[in-house]
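K.L.:
Letter by letter, the chains look like this.
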Amino acid sequence: MTPTSRTNRLLVAMLAAVPFALVACGGSSSTSASSTSSTAGAATTAAATGAAGETITMLVYDAFTEPEVLKSFTQQTGITVRIAKGGDTGTLVNKAILTAGNPEGDVLWGLDNTLLSRALDTNGLFVPYASGELASLDPAATALVPNHEVTPVDTGDVCLNYDKAWFATNKIAPPTSLDDLIKPDYKGLLVLENPATSSPGLAFLLATVAKYSPTGFTAWWASLRANGVTVVDSWDAAYYNEFTQGGGGGKHPIVVSYASSPPATVIYAADPKPTEPTTANVSASCFRQVEFAGILGGSKHVEAAQKLIDFLVSEQFQAALPESNFVYPVRTGVALPDLFERFAKPIAAPLTVSPADIAANRDQWIAAWTKAVLQ
Amino acid sequence: MDQGRAAVAPARARWALAVVPVLFTALFFLWPLGAIAARGLSLGAIGDVLGDGYTRSVLWFTFWQAAVCSAGAVVVGVLPAYVLARYRVPGRRLLLALVTVPFMLPTVVVGSAFLALLPASMHRTVPAVLLAHVWVNLAVVVRTVGTSVAQMDPRLGDAAATLGASPWQVMRHVTLPLLRPALWASSAVVFLFCFTSFGIVRLVGGPSHPTLEVEIWRRTTQSLDLRTAAALAVVQLVIVVGMTVVWSTAQARTATATAMRTLLRPRRARTAGQRALVWITVPATTAVVLAPLAVMVERSMCTAAGRHSLDAWRAVTGVGRALGTGGTQPVVADPWATVLASLRIALVATCIALVVGTLAACAIAYARRGGRLLDAGLMLPLGTSAVTIGFGLIITYNRGWYDLRGSWVMLPIGQALVAVPFVVRVILPTMRAIQPGLREAAATLGASPWHVWREVDLPVLRRSMGAGAGFAFAISVGEFGASSFLTRVGNETAPIAIGRLIARPSLLNLAQAYALATVLAVVTLVVIVVVDRLRGERGASF
Chain A
1 MTPTSRTNRL
11 LVAMLAAVPF
21 ALVACGGSSS
31 TSASSTSSTA
41 GAATTAAATG
51 AAGETITMLV
61 YDAFTEPEVL
71 KSFTQQTGIT
81 VRIAKGGDTG
91 TLVNKAILTA
101 GNPEGDVLWG
111 LDNTLLSRAL
121 DTNGLFVPYA
131 SGELASLDPA
141 ATALVPNHEV
151 TPVDTGDVCL
161 NYDKAWFATN
171 KIAPPTSLDD
181 LIKPDYKGLL
191 VLENPATSSP
201 GLAFLLATVA
211 KYSPTGFTAW
221 WASLRANGVT
231 VVDSWDAAYY
241 NEFTQGGGGG
251 KHPIVVSYAS
261 SPPATVIYAA
271 DPKPTEPTTA
281 NVSASCFRQV
291 EFAGILGGSK
301 HVEAAQKLID
311 FLVSEQFQAA
321 LPESNFVYPV
331 RTGVALPDLF
341 ERFAKPIAAP
351 LTVSPADIAA
361 NRDQWIAAWT
371 KAVLQ
Chain B
1 MDQGRAAVAP
11 ARARWALAVV
21 PVLFTALFFL
31 WPLGAIAARG
41 LSLGAIGDVL
51 GDGYTRSVLW
61 FTFWQAAVCS
71 AGAVVVGVLP
81 AYVLARYRVP
91 GRRLLLALVT
101 VPFMLPTVVV
111 GSAFLALLPA
121 SMHRTVPAVL
131 LAHVWVNLAV
141 VVRTVGTSVA
151 QMDPRLGDAA
161 ATLGASPWQV
171 MRHVTLPLLR
181 PALWASSAVV
191 FLFCFTSFGI
201 VRLVGGPSHP
211 TLEVEIWRRT
221 TQSLDLRTAA
231 ALAVVQLVIV
241 VGMTVVWSTA
251 QARTATATAM
261 RTLLRPRRAR
271 TAGQRALVWI
281 TVPATTAVVL
291 APLAVMVERS
301 MCTAAGRHSL
311 DAWRAVTGVG
321 RALGTGGTQP
331 VVADPWATVL
341 ASLRIALVAT
351 CIALVVGTLA
361 ACAIAYARRG
371 GRLLDAGLML
381 PLGTSAVTIG
391 FGLIITYNRG
401 WYDLRGSWVM
411 LPIGQALVAV
421 PFVVRVILPT
431 MRAIQPGLRE
441 AAATLGASPW
451 HVWREVDLPV
461 LRRSMGAGAG
471 FAFAISVGEF
481 GASSFLTRVG
491 NETAPIAIGR
501 LIARPSLLNL
511 AQAYALATVL
521 AVVTLVVIVV
531 VDRLRGERGA
541 SF
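Residue numbers (UniProt numbering), protein chains in the order written: chain A, 1 to 375; chain B, 1 to 542.
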């Protein structure tokens with residue numbers, strides 16, 4: 001009887017401990033939050049504006065990495081920036097749309113051109129702001145938002161990547177165009193993502209729409225299917241499990257990834273680091289993604305948020321983006337890190353489709369693609 | 001609610017037990033779900049969805065693969081469950097804990113490890129999905145059925161043997177009938193788990209085999225087609241509730257009042273047949289469980305093509321230099337902190353799930369008809385995609401004092417929602433197996449309902465509660481879907497960190513993700529061993 005009741009007491013104690021566990025965790029998390037802001041506060045030396053001491057929240061997608069230079073924004077303005085991650089880009093934007101007017105944060109980072117129209121069609125989602133820096137940004141990007149609901153912050157290109165060693169060993173010329181992929185030499189070499197469930201997959205589909213026209217792209221896909229193509233559901237499945245350079249014993253030397261993926265194979269390599277990337281881009285296959293940041297309607301810190309937007313497109317912040325987030329500056333004249341300069345320059349003439357066309361046709365294009373490739 | 005009178009009137013007391021689970025479900029599930037439904041649901045949409053050939057094929061695939069996977073897990077799991085509960089085997093506890101590990105691993109890791117094991121010709125095929133599902137869910141069968149085996153009165157089998165029954169006859173006519181409630185319970189859990197599976201289906205099955213859950217996720221996050229998403233969510237819910245009612249009925253019907261207060265101590269395998277059973281089952285189970293885990297560990301050391309090193313481990317443990325020299329920060333600044341955050345949050349989620357789940361299981365077992373309704377209601381979160389729950393929570397808890405969107409509390413609550421149904425399923429068979437006469441006798445002798453619960457039910461329940469807590473913990477530690485919605489900077493969990501590492505193309509990041517998954521697996525292993533030891537065979541060994 002004794003051991004039984006001892007265990008009972010243990011259980012009862014465990015149950016009783018719940019509220020304390022709640023309190024304990026709450027305590028620890030709020031301590032850590034306040035400690036960050038106090039460090040930031042201590043670092044505030046040149047806080048000259050009325051916004052000093054304010055904390056604003058920037059909502060970002062999961063893959064966002066906070067560059068170190070964000071701290072200097074706090075030093076310059078006294079405004080602390082809290083980063084809140086909210087899933088992939090689609091999830092993040094759709095959450096913002098559902099909470100329009102009563103947002104989870106003050107600034108949203110990561111709306112892209114495939115989702116732009118849907119977001120701008122939502123009343124009151126963003127507070128328009130024309131930053132004084134607009135003139136210094138890529139005009140092709142700023143032209144997408146003539147009413148300044150959001151501000152372009154970076155660009156990225158979804159491109160075919162290939163395994164340099166594989167093509168050298170097999171003595172086949174690497175592909176140079178989309179047309180190459182349907183030639184017998186490249187039979188069964190490509191792995192790509194399902195556009196219905198993956199954003200690079202959708203971007204690549206849009207590349208073929210831009211290249212072969214909205215009426216002709218399905219014919220190209222039918223030829224590609226006949227030539228052998230592997231489709232998986234997500235970027236990581238394609239890259240890590242199916243691509244020869246992904247480390248998962250994959251068998252496909254061509255993959256749909258990003259223009260900035262090759263430098264990553266050096267930057268994140270184990271020592272001794274290779275001197276150049278093990279993969280390269282097919283520049284004629286690239287679709288341009290433009291990412292935007294905007295001030296969310298209902299924010300109580302609009303003035304501070306405007307300052308943050310100015311900072312996000314400043315030279316200092318823009319220069320840090322390639323190495324922290326593997327995207328390109330939208331600001332013109334910003335120097336690229338050496339590796340990007342040599343192996344992953346932004347594509348001069350990327351393929352594009354207007355956000356309005358994407359919004360109007362995306363579901364229909366995905367359906368046509370599914371029919372041509374999967375069914 | 002008449003909480004005040006609960007102590008006086010036993011019937012009221014039974015309903016008082018239900019207050020917490022009902023409130024919990026209503027506040028954190030039904031309300032948010034209603035908010036989402038209000039944004040898009042219509043009868044027309046449900047009609048459209050059911051009339052659509054594509055949706056019907058998705059529905060059919062989701063259903064049959066779950067049924068096959070549930071049957072497969074029971075067939076593969078029942079022997080190890082029996083052997084590990086009944087016979088003294090060296091390393092028994094460790095193996096029991098090891099079986100639980102696949103269950104908590106992030107699906108990204110499970111999927112990749114499985115693809116590495118299977119030949120390329122099986123990639124993106126249905127058999128591959130089935131194998132991965134059975135592997136992950138083996139824990140449910142081994143642990144649920146095992147608990148039941150250990151609680152079985154051995155004298156029944158001994159008596160049958162004394163009367164001349166062969167071991168096969170004992171198995172068929174005594175053991176299996178007694179295990180039936182646990183078999184039903186575990187097959188129900190596995191079915192629901194496979195029915196709502198998301199990551200493994202996408203990774204191992206490829207794009208040609210979407211499940212309902214994948215389709216809901218896609219409509220919600222990729223195309224913001226809430227009309228279709230809400231309709232699909234309702235269809236999925238109806239099926240989950242339907243299945244729950246069927247199982248709950250089957251379970252209640254087969255429950256036999258034989259639960260013992262003490263666990264049967266595993267004994268030495270005596271006859272040649274028993275020894276053969278042990279010596280075949282244990283190594284086979286170990287091999288099956290270890291194979292994909294071994295791949296995971298190997299990958300954590302593969303940091304460049306064809307070369308192995310401990311670089312990823314140095315980064316994860318903080319020993320040696322940090323990653324990303326030359327101005328680049330590592331993708332995950334402090335991997336160790338994410339493991340600690342996972343554990344802390346999982347602990348809170350486990351406590352919540354255990355309290356809510358235990359109260360609910362008791363209420364369900366006491367109240368016959370209304371109980372089934374509560375049972376079905378609590379299963380709902382399991383049948384709802386994480387994305388629906390996540391969206392619902394952020395448009396519900398969004399104003400004034402109940403604006404909890406940035407709060408850390410939402411994370412364990414979200415995880416507990418998913419874990420409660422498991423706790424209920426594990427505890428319910430035991431609860432139903434308690435002889436009602438015991439409670440009545442205690443009540444007749446003047447014990448208060450609380451007293452009856454503490455002295456009659458709790459002693460028997462504590463093992464199942466331990467098993468339930470183990471599950472809840474494993475689920476919370478590995479939870480990704482709801483977490484990716486509710487996580488905030490400062491409390492990122494390890495699965496979230498793994499997801500972020502995998503989002504950057506390099507072997508070293510991938511290796512780091514696997515190393516982190518391995519750390520998570522080892523930590524979980526330790527926690528499960530400790531939980532098992534706490535509840536263990538103490539009652540019998542003293």
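Honestly, the hints are just simulated from the structure, not real lab data.
Here a beta-carbon is modelled for each residue, glycine too, at the ideal position from N, C-alpha and C.
Please note that a few of the clues may not be correct.
Computed beta-carbon distance windows for the label pairs [to be verified]:
id, chain 1, residue 1, chain 2, residue 2, range
1, B, Asp225, A, Lys300, 42 to 50 Å
2, A, Asp338, B, Leu340, 34 to 42 Å
3, A, Ala367, B, Leu43, 41 to 49 Å
4, B, Asp403, A, Lys345, 57 to 65 Å
5, A, Gln364, B, Leu23, 29 to 37 Å
6, A, Lys345, B, Val530, 48 to 56 Å
7, B, Leu373, A, Ala360, 44 to 52 Å
8, A, Glu68, B, Tyr54, 26 to 34 Å
9, B, His308, A, Lys345, 44 to 52 Å
10, A, Ala367, B, Gly34, 27 to 35 Å
K.L.:
Evaluate each hint against the coordinates.
P.N.:
A quick look at each hint next to the structure:
Here the CB-CB span from Asp225 (chain B) to Lys300 (chain A) is close to 32 Å, at odds with the stated 42 to 50 Å. Judged by the Cβ atoms, the range 34 to 42 Å given for Asp338 (chain A) and Leu340 (chain B) holds: they are separated by roughly 37 Å. Distance hint check for Ala367 (chain A) and Leu43 (chain B): the Cβ-Cβ separation is about 25 Å, which falls outside the suggested range of 41 to 49 Å. Against the hinted window of 57 to 65 Å, the Cβ-Cβ separation of Asp403 (chain B) and Lys345 (chain A) comes to about 45 Å, which falls outside the hint.
Against the hinted window of 29 to 37 Å, the Cβ-Cβ separation of Gln364 (chain A) and Leu23 (chain B) comes to about 45 Å, which falls outside the hint. At about 55 Å, the beta-carbon gap between Lys345 (chain A) and Val530 (chain B) stays in the expected band of 48 to 56 Å. Remark: the range hint 44 to 52 Å for Leu373 (chain B) to Ala360 (chain A) is upheld by a beta-carbon distance near 46 Å. With their beta carbons about 48 Å apart, Glu68 (chain A) and Tyr54 (chain B) fall outside the hinted range of 26 to 34 Å.
Judged by the Cβ atoms, the range 44 to 52 Å given for His308 (chain B) and Lys345 (chain A) is violated: they are separated by roughly 34 Å. Range check, Ala367 (chain A) to Gly34 (chain B): Cβ separation about 31 Å, and the 27 to 35 Å hint holds.
Checked against the numbered hints given earlier, this structure breaks hints 1, 3, 4, 5, 8, 9; the rest are met.
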